[in-house]
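Chemist: Dock chains B, C, D and E against chain A, hints included.
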Amino acid sequence: MTEQTTIAQSDQQKSEQSASDIAKPKQPRQLVRFTFYKLDPQWQLLPAEQRQQGKQELLSIFEEYEQGPLMRSYSLYGLRSDCDFMLWQVSYSIDALQGMSSKIRRSVMGPYLRETHAFLSMTKRSIYIGKNARGAQHDPRLVITPKDKKYLFIYPFVKTRAWYALSIQERKRMMDEHIRLGLTFPSVFLNTTYSYGLDDQEFVVAFETDEVSDFLDLVQQLRETEASRYTLRDTPMFTCVAQPLHEILEALGA
Amino acid sequence: MTEQTTIAQSDQQKSEQSASDIAKPKQPRQLVRFTFYKLDPQWQLLPAEQRQQGKQELLSIFEEYEQGPLMRSYSLYGLRSDCDFMLWQVSYSIDALQGMSSKIRRSVMGPYLRETHAFLSMTKRSIYIGKNARGAQHDPRLVITPKDKKYLFIYPFVKTRAWYALSIQERKRMMDEHIRLGLTFPSVFLNTTYSYGLDDQEFVVAFETDEVSDFLDLVQQLRETEASRYTLRDTPMFTCVAQPLHEILEALGA
Amino acid sequence: MTEQTTIAQSDQQKSEQSASDIAKPKQPRQLVRFTFYKLDPQWQLLPAEQRQQGKQELLSIFEEYEQGPLMRSYSLYGLRSDCDFMLWQVSYSIDALQGMSSKIRRSVMGPYLRETHAFLSMTKRSIYIGKNARGAQHDPRLVITPKDKKYLFIYPFVKTRAWYALSIQERKRMMDEHIRLGLTFPSVFLNTTYSYGLDDQEFVVAFETDEVSDFLDLVQQLRETEASRYTLRDTPMFTCVAQPLHEILEALGA
Amino acid sequence: MTEQTTIAQSDQQKSEQSASDIAKPKQPRQLVRFTFYKLDPQWQLLPAEQRQQGKQELLSIFEEYEQGPLMRSYSLYGLRSDCDFMLWQVSYSIDALQGMSSKIRRSVMGPYLRETHAFLSMTKRSIYIGKNARGAQHDPRLVITPKDKKYLFIYPFVKTRAWYALSIQERKRMMDEHIRLGLTFPSVFLNTTYSYGLDDQEFVVAFETDEVSDFLDLVQQLRETEASRYTLRDTPMFTCVAQPLHEILEALGA
Amino acid sequence: MTEQTTIAQSDQQKSEQSASDIAKPKQPRQLVRFTFYKLDPQWQLLPAEQRQQGKQELLSIFEEYEQGPLMRSYSLYGLRSDCDFMLWQVSYSIDALQGMSSKIRRSVMGPYLRETHAFLSMTKRSIYIGKNARGAQHDPRLVITPKDKKYLFIYPFVKTRAWYALSIQERKRMMDEHIRLGLTFPSVFLNTTYSYGLDDQEFVVAFETDEVSDFLDLVQQLRETEASRYTLRDTPMFTCVAQPLHEILEALGA
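Residue numbers (the working numbering), protein chains in the order written: chain A, 1 to 254; chain B, 1 to 254; chain C, 1 to 254; chain D, 1 to 254; chain E, 1 to 254.
Next comes chain A alone, as it looks inside the complex:
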């Protein structure tokens, strides 16, 4: 970061810079977007033919981007009022995220699809776990690999600044407790992505499971961990159900 001024670099700065270099892996990191859509009820009042054309067009765009690293559709109608469905897109370039958005915007349904929430994030190696894996050429945490479970639970996450004032050892100790508790719920799988500076949250966490009650019980138990006291914000929370996009559109009366 260079401000509009010149400051000589000390040796200490150079060593920090080196540490920073090490943290920048050669393996590319993925960009992730969770986009929540609400269909304007005016759409339902349009002629059937126009709506049929619009749905086909949207499905084609979806299929095109299924060729990318990841594209999944989830329904939220009947579960959360401010959105009808969510598209989970992963890419190695911002162009792909913007490209899909542009194509949807320009499609027949475009003017009737509201993005009511969206979270932008990236994959990143955790500073708390798996240090021994750092030397490896390929780190699986830099690649989103869904388990394709029935349910996906998503929320944006911000920690208090008091958390960041703790030593890394203290934080690691608390994260270990958090992870140990998580392991007692083997049916729940976690994807953590990072949003620092990119969007209004610090993390986007996405949990996959086939059992709603397991996830509820896990979150309740996590409240008692020490790390939980450093949560500043963890809402809104989204209960998403894996469903093919054409079924979702059918269910919405689109």
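Incorrect hints may have been included.
The list makes no distinction among identical chains, and a pair is therefore deemed to hold if it is satisfied within one copy or across any two copies.
[Said to hold, decoys possible] As a list, the in silico EDC-like pairs of lysine to aspartate or glutamate whose alpha-carbon atoms are at most 16 Å apart:
#1 K103 - E247
#2 K147 - E211
#3 K103 - E250
#4 K26 - E63
#5 K26 - D214
Source of the hints: derived by calculation from the structure; they are not laboratory data. Source: prediction; values computed, not measured.
Modeler: Leaving out everything else, chains B, C, D and E in the frame of chain A:
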């Protein structure tokens, strides 16, 4: 919870896992949704015939889901500005919640019914009361059984993280005080359901009574309990009146 | 309050229940609703005849409910942007509150009148003042009796939980200071009603006076009382002017 | 303030009442309203003739109220997104504030002018400065006298309750520091008005200057004063540019 | 700052005034506006010819203001839901900011372009860095000079009042740590502008880089600095992509 990494389980973890297994009862838990609707005033400007058809359709959908574990209608017009009525639905599957929502969406009234609030939750055994009942085959707290009183008072509820940092004994002591006070209002009945991770609150509490003033007095007295100091959020608060759906639609000029 | 479980009542609980019984007076308590309306500007674009009919209908509904315990109209146009006028209704039954709302909804103006704010509350004896009056058959504080002054100032009110953790003696001492200060403004009259559990606030306070500056000065001085430190929320604040409904509708160009 | 009860006045109360009487000056205090308008873009799509008529009507209403104690127009388009212009009106009666609002509402442009923000306040003698002037017949601080500078900066202001718990001497000491710092920016002029109980803020502060950067530098330096630590809220902040109303309407494409 | 009163200036005040004079440089400071636009989907339903004319008109206005000190366009569609694109305008006069806004408002697209966010600020010399440069005739920090990187990350920024209560030495020490860390990310360039009193934030920070992940990593590491604990608000955060305006309009289906 498994992150994209491998961590060996210690003995301690296995014993925690066992405890977790015990907490997962064989008896199925119910899913609950409180959905608050506001009718778009544009509906009233449509032709009478179309409106009559729309009302019949909505009543048929409601009757269909009355076959499920629970379906009740409550009015809020004249009591709360941001909603007209509420449907309280209980089910053993998310499909039923989504199914009813889908049918309403696709009905004639669908484009004119706004979901202005909604709370998703599940039944669960309390960790504070009735431990002696845990051995039983059937736990009545996992099944919502309304008392069918005239009034239902609902609010979402979030506790401070300081609450969860207390020992379970401390929390139980405070909950006992809370429960004892509640017992002095025998005309008020409480249903507590759990939303951890599923929605923006931790609990949805729903009180039934025939006497509005009894509930008001109870809530005022509960403010003085020690547990009350650990409330982070308990709004919005909804005063709901049990009323058949066809009467509600009539009153709204639908 | 009975949860879905059975707990034996101790002697202590029974004595608390007796105390609670004493607090439930035979004299009925009143229900109160302050409803703030904003007229959709689209109304002004309708034909004059339809608008004339709509105004007459609204005035008739208002007159009908003037037969009840209390019904007053106040204007806010030119003073507060999010509402045009307010109706203050008092009743002994929720049916009357819902009935008036239903009639307005079904009237010609109904689809154009937005309820932008509303507060639901009840009368109740204060736990801080007038204990000596408790033995009396009739308590004037359970009946709203406006002084019919030119101005009405309303705000919803929530106290911090720290307030409720104080002893009743401590709180009474602070309320006495509060009341003494209030008495130095004899031109200002206060109506306090209670919303615990019924709506998003704990109290709705409504001050009547003929002198705007007296009320402003009183509120400024009240900031310095000890009780004031326990205020969590006291907004939005509404400056209302007593005005017949037909004059208000005229002024709005309805 | 008289609640619905009777409390005997002690001698102490009577002496407080006398102090209060002294604080009520014979000289009338002014009512002030800052109203921020956003023009609905639909207006621009209306026929030119209708728009011309609407603009003339609005200008006539403005001129009529320019006869009162104060009426000024300021533009905010291009500076703040949620409003296009602001009218600063001062009056000795609420009727004049409501009258102008009513006339605008009933005019051709009325249905297209949204009041997106508004602040209601009154003039009042400061309890911190100028005590020696209290004996005078006429107090200039009770009369708004703009300096007619190019820029006006406005924000609503709420102090923490901790401020009011300080002794008047402590607060005066801090206000003196605040005032001394202000005097080092002689190009900036301050109007403070009071909103306690009348609106959602405690004060509305309005600064006039010809130099934007002077005001920015002043506010930055004021952050370091001790009084600044007792600020609870000082947003939204409005940068307003003095401009004749007809020029503003022209610039908006009205 | 002169209130409506007269206070004699002490010697101390005069010396502070002199200090203030020194802080007012002869070199003019720039005004900056970041305006975020959302295109109303209704635009897409208009005839192609009208839309073509509207796009040409908007591009002409943009080109006209490119003659000024700075004018850049960035896209946000597909990255942030509440805006489609952002215009970054720098000027030496408020007239230019208002002029461009007025021209857009009056253009064919005007009624369909919503300003969903906007930040107003000015350039200013930092009180923490580069004191040695103050004697120079020209200070580069008073002139925005973009590096024209692919990405621009923007957020409004407010510090806690506790920050301003620290001594300038303490704050400088923390800012030095902040700056040293920033220097370890040489691919990231920072523009800081000031909004005290002009808008709802204290600063607008804008970071340029070609590497999204570098910026994310920098922001994560900055969380651990001591200065970070004094952040009151740093949202919303905007990820912007440099893109010519005509390409943006094309992508939006305008």
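Chemist: Any of the earlier hints contradicted here, and which numbers?
Modeler: 4
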